[in-house]
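Read off the chains here:
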Amino acid sequence: MPGKDIICILCPRGCRIKIDYNVDNSSVSNITGYGCQKGLDYGLEELHNPSRIITTTVRVKNGELPLLPVKTERGIPKDLIFPVMKEISNIEVEAPVRIGQIIKRNLLNTGIDLIAGRDILKYNGDEFPDKKKKGAEAPVIE
Amino acid sequence: MEADVVIIGGGVVGTAIARELSKYELKIILLEKEEDVAMGSSKANSGIIHAGYNADAGTLRGKLNVRANPLFDKLCSELKVPFKRIGSLLIGFNEDDLKVLKEKKENGEKMGITGMKIVSGEDLFKLEPNLNEKARFALFAPSAGIISSYEFTIALADSAVINGVKIYLDTELIDIETENRRVLGVKTSRGFIKTGIIINAAGLFSDNIAGMAGDNSIEIKAYKGEYHLFDKKWGDYVNHIIFPVPDRKSKGILVTPTVHGNLLIGPNFYAVDDKDDLGVSSAGLEEIYQGAGKLVSGLDRRDVIASYAGLRAKTEGDDFIIGHSDLVKGLINVAGIQSPGFTASPAIAEMVVDLVREYLAREKKQELRKKDYFQSELAQRPVFTEADLDEWDELIKKDAAYGEIICRCEKISKGEIRDAIHGPVPARSLDAVKRRTRAGAGRCQGAFCAPRVLKIIAEELGLKPTEITKKGGNSRILLTETKGLLLQKGEYHDD
Amino acid sequence: MIDYDLVVVGGGPAGLAAALEAKKNGIERILILERDKYLGGILQQCIHNGFGLLYFKEELTGPEYADRFIKKLSGTNIDVKTGTMVVRINRKKEITALNSKEGLLFIKAGAVILAMGCRERTREAVRIPGDRPAGIFTAGTAQRYLNLEGYMPGKEVVILGSGDIGLIMARRMTLEGADVKAVLEIMPFSSGLMRNKVQCLDDFGIPLLLKHTISRINGKDRVESVIISKADENMSVITGTEKEIPCDTVLFSVGLIPENELSREMGLSLDKATGGPVVNELRETEVRGIFACGNVLHVHDLVDYVSEESEIAGRAAAAYIRDGLERREREIIVERAENINYIIPQKISFIDREREMIKFFMRVKRPEEDVRISIADGENKKLASYKRDLLTPGEMLVINFPEKLIKDNTEKIKMFIEKERR
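Protein chains in written order, with the numbering used here: chain A, 100 to 241; chain B, 11 to 505; chain C, -7 to 414.
These are calculated hints, taken from the structure and not from any lab test.
It should be emphasised that the depicted structure is a prediction, and the values quoted were computed from it without experimental measurement.
By construction, the Cβ of each residue, glycine as well, lies at the ideal position given by its N, Cα and C atoms.
Careful: at least some of the hints might be erroneous.
Partial list, computed: chain B residues near chain C (C-beta under 10 Å) [said to hold, decoys possible]:
1) Phe103
2) Glu119
3) Met121
4) Gly122
5) Gly125
6) Leu239
7) Val290
8) Ser291
9) Ala319
10) Thr476
11) Asn484
For lysine-lysine, the following BS3-like pairs were computed, each having C-alpha atoms within a straight-line distance of at most 30 Å [to be verified]:
12) Lys100/C / Lys421/B
13) Lys379/C / Lys117/A
14) Lys93/C / Lys264/C
15) Lys374/B / Lys197/B
16) Lys285/B / Lys100/C
17) Lys144/B / Lys259/B
18) Lys221/A / Lys264/C
19) Lys379/C / Lys160/A
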């Protein structure tokens, strides 16, 4: 009977989950090694439909920081990770942003939203008074 | 473009000559192929001002060293470069070594070095408690000192600039034009410069430069020396520059405090073919660590914060080559300036001024005239030290940038970095800022401050952060904006 | 001279938790000094998740974890000075600091909590030979460029060291479109958490090469390639195993060092194994009323433990200020067996009738399977023992030791690890 070894990624313990399953209908015949109910659920999910929460950034306009950390509210199917990253790379949000704010709904029709991970205030322009732009191409010094 | 004198090379020799010549009524251009001065041998060496007892009295190396050593107090005070005359100890372990020590002492005294003495036994360990216990004798030379070689070089260049010398950075010499074995000018990546006098101070490449003019009499070989720099908590582990008895090739692996309070060990000595090869090797670093261990005991390598290598420019004949080219008129070669070249540089500069004077008189019937005014002093830039907290407080109240500490290891403020970026020879890269301010030279080696320094350079020069380099050329730090690669890839797939 | 009951040096997770806990325990005049522009420390750039499972019982990203503390803080009267660099602290608890708004600051504190965090070990610490071009970063610096500053530090990447930051950065760079060629680890085991190896490397097919190191970095201006080699058990390069990998970037994830320059200048003795000050169970250093917590004390694997430890320090500082600490006549020294890398605290100094457990944080030197951690007294009488299936140097081990097992005449206790007998 085919089996699969899965290392649980839910917490730092890293339990080694072992799953035996039936090839024909993919039904699980035995699962061991998980440390908790969540781990059991994870093991079964990982066998059939592995998914990952994506944490990344989106660009911010007029913010006091150039990037906003974001995360998907739930796991994204693994094979959609890069398409979703590409989708996210096109997003730009306008400051101010509040933590928990939904930045984009229903990423690639997964039904999963993208959530802001911190507050970003509007850039008030005080900090860097206008610099006289000195020619950088000035290696001739006189 | 036209100049009376074109100096090739912005190392300590080229910049010292530039500064010395800037005292006279001359139009001077200095060419440097890198993005900053002090990028060759002047960047990575021991930073020692030698007493001068090593080289034979009859050699230029000996004479110019002894002549130059006393000049550093005044020079460094004018140039606002830290210099400490801490003295050196040449360590002997047996009677044979003692014989060498005595010979060196005699040789030095013959050249006029004063104050040297042989110390031994308990007296020695009183001077240096952490010496290897097998040490028995030492030749003490009080006139030896420590300095930052690149800061000195940059200050010479700054001083030259404010006295009218033009420095062309990022400028490569393509060819030297001559007619009837007489210099007409130089072809550079920035265009042609007409000149009657070329001073070849191109360090490792001075043979190529002479060759361009048709003088193939020089051959320079590169000899690498590797170094370990220790954390500042080792800064007072030794009180003097500690030398071993030299072998015939070099002064050997030394141990010294640096002028900024670190401990430096090295260099070893071996030939390399590639004159740009500044890599460090495991074997080499092991060699210097072992070598240093012979002089002092108890070093702990875990506190090394930087390892690097420099190259010495040596000629076959072993002495400096300073003089008019025998083959090309108007070409003055200043080549093979190996150790103690750094120490000798102010005396070399004086000697070159005499050569220029003589050439002008002989060939052009011109007199070399002193300018009415020479600005010998550089302005003292603010440097944060914990000793002058009240003064610093006032400075912050005048300019808030001095209150924003950017480099936390060395405690360097945004104001100091900004000053360096707008100095006479401006700092335009992370390394250039580091050499002038020490931001990034501390124990974290810029892991913390590099992103912040980069941002300041970009802001001050009006550049994009992706344009800022580590050390000029193609050494960009950041390759694109975050998302840049994804967007690029996206566009590619959409096609 | 400004006067505060408590000054906390550092506004990262440790400083925030310590200050809040001191406030909760009745201290009114508290000041946090933070050198960065924002609070939150390194968490600001740790945008990945995996934080908070122990402390908040939910999974958060670094900025989310920090935000919880920062929000809590904004509801208090705790003073915060950001952009403020502490230059010196002396044993009389006088602090010299500076910032751009106020200039020099002289602060007198009733108690001090050191929470300066740690810094990354660099290429120099592991002595990787070769050239010194652009494109060499510590993993944390690269993380800052990528996640906070908004720039990609590289496209073709080799990572040396399998610490968690290195693994996290392998995934992060990959997600942003870089090609991470390999992660090298000189030891025969990964020094990061297993879950990070799985979700950061395995998920993306990034090879983890154990017992490998970089034997040379090549490149004049920018990194052009690295030579990798196999390493033997003494961590020496095995000649003849060299292989060249073209790349433009090398990241170093080779460990963290507690940042204790202020502590050293103050004359505090540091534990060679942790790199942090020697402390008692309340995280008090050898100077009474000066405490240390978080990564300045020892490098933690999880921020949750940093918060927990910092609350110990915060509570203790509060008790110290109120003069509510009862000291033992004689401190109990905590000794450790050879295979234990370090134990925090290094000594037990107080009598506390109310507490049930003393919490020990420790790390082992090498992986151990099926073992028992035991604690014995000075006469080698076993007091307690704990079974563990797997211990790795990458993971911190937490032991709760019942206070009641300590006798009045106990002078030392000793911890050791033994193979479980079956």
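Worksheet item: Which earlier hints can't be squared with this structure?
Response: 1, 2, 3, 4, 5, 14, 16, 18, 19
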